[in-house]
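Those sequence lines, one after another, are chains L and B. My numbering puts the first residue of the first sequence at 1, with every later residue one more than the last. My numbering puts the first residue of the second sequence at 726, with every later residue one more than the last.
Misleading hints may appear alongside valid ones.
Result set (BS3-like, lysine-lysine): computed pairs, CA atoms no more than 30 Å apart in a straight line [claimed, not checked]:
no., chain 1, residue 1, chain 2, residue 2
1, L, K320, L, K53
2, L, K619, L, K499
3, B, K1120, L, K56
4, B, K1047, L, K53
5, L, K396, L, K533
6, L, K402, B, K1047
7, L, K53, B, K1268
8, B, K1217, L, K81
9, B, K803, L, K53
10, L, K56, B, K914
11, B, K907, L, K14
12, L, K56, B, K891
13, B, K1309, L, K53
Since the hints were made in silico from the structure, they are not lab data.
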Amino acid sequence: MINITINGKRMRAKNGETILEIAERSGIRIPTLCYHKDLTPFGGCRLCIVEVKGRKIPLTACTLIAEEGMVIKTATPRLQKLRRFTLQLILSEHPNACLVCERESDCANFQECIKKSAVTFGCKSCPQNDNCELQDLVHELDIRSIPFQFRYRDLEVERHDPFFDRDYNLCILCGRCIRMCDEIRQANTLQFHHRGPDTMVGTAFDLPHLESGCQFCGACVDVCPTGALRDRFSRYDKPPDKSIKTSCMLCSIGCALNINITGGKMTCSTPRNDQICVRGRFGIAPLVNHPKRITKPMIRKGGQLVEVDWEEALEFAGKKLKENRNRTGMLISPQLTTGAIDGARSCAHSLGARIATPISLHSLPGIYKLSQIQGQVAFFIVNTDMVGDFAVLLLKLRKKFKDKAVFIVIDATRNSSARFADLVLNPRPGTENNLIRILTDPRKILNKSGIPAAAIETARSLLKGRKIYALFNAENFIPAGPSKSVKPVPLHSHVNAEKIMKNVPNDTYGTLLKDKKIECLYLIGAAPKLNRKYNTLIVQDLFLPDFDCDVFLPAAAFVETDGSIIDLEGKKKQVRKALEPAGKSRSDEWILANLVRVMNSKLKRSVRAKKSKNGQQKKLVRPSAKYPLQLVIRENTYGYRSKPLSAILKGFDRMRHDRYLWLNEKTAKKCGLQDGTYVNVVSRHAGFKLPVKIDPDIPDKTALLYYHPSMGYIPEEPVRLECIK
Amino acid sequence: MRKKKINREFRQHLLVCAGTGCVANHSFEIKEELEKEIVRKDLQDEIQVVTTGCQGFCERGPIVIVQPDGIFYQRIKKKDIPHLVEEHLLKGRPVNDLMYVPAPEERPVPKMMDIDFFKHQRLIILRNRGRLDPENIEEYIGFDGYKAMELALTKMSSEEIIREVKRAGLRGRGGAGFPTGKKWALCRKEPGRIKYLICNGDEGDPGAFMDRSVLEADPHSVIEGMVIGAKAIGAHQGFVYVRSEYPLAVKRLKIALEQAEAYGLLGENILGTGFNFHIDVVQGAGAFVCGEETALIASIEGRVGRPKQRPPYPSQAGLWGKPTNINNVETWANVPMIILRGAKWFSSIGTETSRGTKIFSLVGKINNTGLVEVPMGITMREIIYDIGGGIPQGKEFKAVQTGGPSGGCIPKKMLDLPIDYESLTQAGSMMGSGGMIVMDEDTCMVDVARYFLNFTQEESCGKCPPCRMGTKHMVYILDRITQGSGMPEDIKLLESIAENVELASLCGLGQTAPNPVLTTLRYFRDEYLAHINEKRCPALVCKTLISYVIDPQLCGGCTVCAKKCPSNAISGEPKKIYTIDQAKCTKCGICITVCPPKFNAVKKVSPAVK
């Protein structure tokens, strides 16, 4: 412990504490701008300067580590003068018309709408009005005028990337976004450009964020103290008046979210404790408020879907289901609350219906509790885009092991984890297990992967003396049998995967849809491509499916209901109702309970499902003359219930291109294809049409597809491309 | 590695200066031509031509010195060579026409040691300049080179070395003047096995070329100093950070490092003592701010050259987080002499608080432009008049800017100021790296302040608002003042911004950037007032405030100015009076240059405007 004096008062400090940290915990106010408690101190904004006895020049409190006997003053007239001077300088480059206008309070009553102007010329037209740290500091330091001439940078507002806008005319160069992206998110997308008065924040070579490795996690937007970076969807909304905690349901990690609500409308979701990904940050509010969302119950009458009230819809649905007893199939999404899943199971049981989920491979042996990963480690990232699909999990691992873990990517095609991995290996599709054996088994093994010996040697030297864990999405890869040297860490991308694996029978959409006995389908959060007619189709979801249905029951989004979910590690998490369900929509649990009431059936005790089999090894069929392209399928983890996010939100389509067929230049040229051209894809058992996306990281004679059940049945077998005339 | 045969049979040596200035003036060609001519006259076994580092008298380059005669030849051209070789080397008759004639005298001064410029200097750091080939380590060794290092490594402990340097009173020659021995002691006492040594050769001040000359003329002195420092501190790896605009310095340094290693004087097991020390050269990339020590360290680490708030100081956590000692080139070059001749000898030179000598680059409106090394405490008057030869064309001395863009100006009334760290700081300026820019009556002090502030504003790294924007706003105001749009409150605003930038900036660049403004305001406030209140530039420099006019009483109607004017602004008839159309005039100054001296009719004026 150290003794120091602040403002005449004696204080005790721990070794290594900065003056700012000591002041904050003692209730002494020191203004800051570039400081953020999670980021390394920058010392750049000069607002937190304090006077240190024995020194002529004031020092920044955020960087100054306390030393025995230090005497500090935090609020002298000289410091106030310097702080005001510095803030005035900052304001000389920031549209400040409103900040120092004496009619500020009058204006508030009359000028709400000008916020929607194209150019931010002052606070009133800025999306961060009343939610801005610069505004707060101007009031705190009582700045009434700015003696410097104003310099407007005259930069175009950057709107070409999805999800958030950047108006660098408002940037005060605090560097928080850069340090957040570098230190916490480790995406390294932003930096200071140029120097001196021309300094500006930007990406490498001023490329769009889509091409700079930006993960669109929104962390930079959340730390920006001004309106320079802003969430596009909530731009025009007032700051939230309510903030409700819930868990995200868009993937299995279940991050803690704040649902921000203004006047009863959800404006955006932000991280609560930790980090979140682009889905949780930018995918929820536009989804919940989507103009194509159906919020009224509907029944098909006379060939058209007609709005009805709940009683009529439930009566009709219940009647049809009872008529099709023992001939009904229920397809449910895992993205329901556990209560809804239980409700669906009971409903299925009472109807004698088969029930199916999109989870094709059930429990695999391996590590599910991530705290078990310890020591000198190396990770194989197999066929899984950790950065895209499990960003928050990856961050936790990288944070835990800092620079000491080794990451090796094993993937036949493009994988954005290659950006930071120590080594990237691209084996031939289907040979991943062979490669893993070669890398870890000291005996001589025949190399079928196509990886040259030099790379294998490099990999082996990296792995020396380390415990090896294989991270993989269980839908994309199954490890071959138990191994002493490699511990599998199977990652299911769906929330509630564990519950479904334990309690729901081992049926996938595909197997159920092949069952010719089924005449009626009840789809809860599911809308796979159907290949035949059914006498009744009941859809319970937020959006209409691509096919005609007989009954539409509008479901509430997960932020509109209470419930629980099971996350990746098997932990139970709560989902909270943050706002009333839109329109007439209702929670799945409510719908199921009332459906059962209407059907008047007694709920028999649900029978425990049979113990599911371990995943079968996929045998990869080799290409032939008739089907010369190897089709590689990866799970599209960006979806909510029946829809991939890219199908309903344009930003995700632009970011992911996950409803495209990915080819490299050579393959595309052979068939005269360009980016965006539609092509017929034909395999032995399937045929479908997709637009093309050209990417250099796809190997020759290979096509990559991100699979979502809404695409229908697509087996992972060789294909050929047929041009559409 | 070249091994030159030390042949005692040469009766004369021709030392050709090969500092950057003379090289730019074709001194290598001079050398080649000399060698060829000597072969033609069959003198190659009697006379040797050697290239040396900068002689210092850059005004007079290319320079050739004949030893052992000590004759100093200047402004040598290729065509002079046959005559020179014939007359002086063959017939023994030195050539008067090629010798130095101090203005305004008429008789030449043949011997180098009699020339005022050299006579008043005291060469310690530059002791070897002009007398050895910097690309040959044996010549350095021949002049007691590496003897101090041997002493330090074999007969002294680290503490003894530090004590000696402390007693000598050596202060950092890079600008701040921090006591070197104290700095070494701070680094030494830090725990940890890994420590680093850095030599700061960034020398960003415009007009400064001291460090360049030391590196080009005598790189071994720096290397030797660094090894001694490494022993004192306990470092085994050193870096010399040289700006990439000094390719010759980098080249000579690298050759010197190679040779030192080959001779066992650097690297593993130096002189068999078991002490290891390696030096690597790192080149800068064009940023003035990388002369600041934390930015320099960031640059070596491969990161952007942006300073960090200190503390922690580099001596505690510097390069890669390890205790690091950074000193300027000149500081390192002093160390071998201190060890060899002792602290007592060193502290006998200079003043009480500023011991030793300092190299200054004397440039601007001065007769003898060049590099001078003088003991501290010498007065400004002595440097400018005795060594510098006074102001050319008989103009009045106005001020001298010391310390480059971080320093301030010293006016005429303070010419007897002794030059040392304290007195310069008290006068509002600073020693800085040693640049001395002399200004005469034709220099506008407001323009000078604007020039320096423009420089610092461009070189600002941009991290902190006071420097990034404070300097920019000062430039805006100075621009307005020099363009005739100055307002009465501008001076007060300028002063207040300057004072605040000094206190609120993160690093030395911002903290010293306002100095030129503050000193010019302190000593030449009347010029500011003239610009603002009367829209007049007393020195006739600020283009917007001056006009070129033809005096009707002097004009001879010769038509020359009208013909040469690039904007066709001058009109008149032959043998009649010509006039300049102010609306078309671009103030290029050609008319004043071409007007025949017998008329001298074109005048620059800056009338007061109410």
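Hints, verified against the model:
1. L:K320 with L:K53: violated, 84 Å
2. L:K619 with L:K499: holds, 28 Å
3. B:K1120 with L:K56: This hinted pair is violated, its Cα atoms lying about 41 Å apart.
4. B:K1047 with L:K53: Since the Cα atoms of K1047 of chain B and K53 of chain L sit roughly 27 Å apart, the hinted pair holds (cutoff 30 Å).
5. L:K396 with L:K533: At roughly 47 Å apart (the allowed maximum being 30 Å), K533 of chain L and K396 of chain L break the hint.
6. L:K402 with B:K1047: holds, 20 Å
7. L:K53 with B:K1268: violated, 48 Å
8. B:K1217 with L:K81: holds, 15 Å
9. B:K803 with L:K53: Violated, at roughly 64 Å.
10. L:K56 with B:K914: holds, 25 Å
11. B:K907 with L:K14: At roughly 29 Å apart (the allowed maximum being 30 Å), K14 of chain L and K907 of chain B satisfy the hint.
12. L:K56 with B:K891: Distance of about 25 Å is within 30 Å: holds.
13. B:K1309 with L:K53: violated, 60 Å
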